[in-house]
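Take the sequence shown: its position 57, counting from 1, is numbered 57 in full-length UniProt numbering, and each next residue is one higher.
Hints are not guaranteed to be accurate.
Now the in silico label distances, taken between C-beta atoms and shown as ranges [unchecked claim]: (1) Arg148 - Asn114: 35 to 43 Å; (2) Val52 - Thr75: 19 to 27 Å; (3) Val29 - Pro67: 15 to 23 Å; (4) Glu86 - Val29: 40 to 48 Å.
Hints listed in this document are in silico derivations from the structure and should not be mistaken for laboratory results. All C-beta atoms, glycine included, are put in the ideal place defined by N, C-alpha and C.
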Amino acid sequence: MRSQRGITIIEFTLISSALLVLILGVIEVGRYMYSLQLINEMTRVAARLGVVCNVADKDEIPGLAVPRNAPGGFTAANLSLEYLNETGGVITGDPSVDPDVFLDIRYVRSEVVNFEYQFSGLLTFLQGVIIVPSFETTLPRENLGEIRGSNTDTDC
Numbered sequence: 001m002r003s004q005r006g007i008t009i010i011e012f013t014l015i016s017s018a019l020l021v022l023i024l025g026v027i028e029v030g031r032y033m034y035s036l037q038l039i040n041e042m043t044r045v046a047a048r049l050g051v052v053c054n055v056a057d058k059d060e061i062p063g064l065a066v067p068r069n070a071p072g073g074f075t076a077a078n079l080s081l082e083y084l085n086e087t088g089g090v091i092t093g094d095p096s097v098d099p100d101v102f103l104d105i106r107y108v109r110s111e112v113v114n115f116e117y118q119f120s121g122l123l124t125f126l127q128g129v130i131i132v133p134s135f136e137t138t139l140p141r142e143n144l145g146e147i148r149g150s151n152t153d154t155d156c
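Could you build all of it, start to finish, from the sequences and the hints given here?
Printed below as a string of structure tokens:
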């Protein structure tokens with residue numbers, strides 16, 4: 001019986017350590033899923049701003065769509081905003097200068113580019129990054145910042 005002393009504390013330590021790692025791992029995976037949802041929401045907001053803001057503000061829109069609680073390392077440079085024609089092709093030319101190019105715009109697409117998610121906290125031992133799946137939102141054009149019957153534009 002003397003050789004069995006202390007075995008309970010060792011078992012408790014091993015099991016509680018494994019359980020703690022499991023619980024913290026679940027929390028990290030939850031944070032990852034939340035980050036994916038947040039990235040999806042950023043593409044939706046950027047596309048929405050793209051359809052209602054002036055086309056001259058195209059370069060400012062990604063910065064407006066990225067919130068303060070964005071996943072670590074995510075910047076406005078990771079959001080791409082493109083204007084598309086009726087077949088889904090990317091509009092070439094400057095729609096803020098050329099009225100013919102402006103009239104060709106039928107859709108606005110926002111997507112995530114070049115972003116890799118880095119785990120923080122417990123799962124940093126993985127020492128790797130996870131490439132974020134493709135997130136894209138395409139919306140039909142609305143007023144694109146033009147106010148009907150007026151010479152003024154919506155400024156974003």
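Going down the list of hints, with the structure as the test:
Between Arg148 and Asn114 the CB atoms are about 38 Å apart, so this pair conforms to the stated range of 35 to 43 Å. For the pair Val52 and Thr75, the supplied restraint of 19 to 27 Å holds, since their beta-carbon distance comes to about 23 Å. Taken as a hint, the range 15 to 23 Å holds for the pair Val29 and Pro67, whose Cβ atoms sit roughly 22 Å apart. For Glu86 paired with Val29, a C-beta distance near 41 Å keeps the hint of 40 to 48 Å intact.
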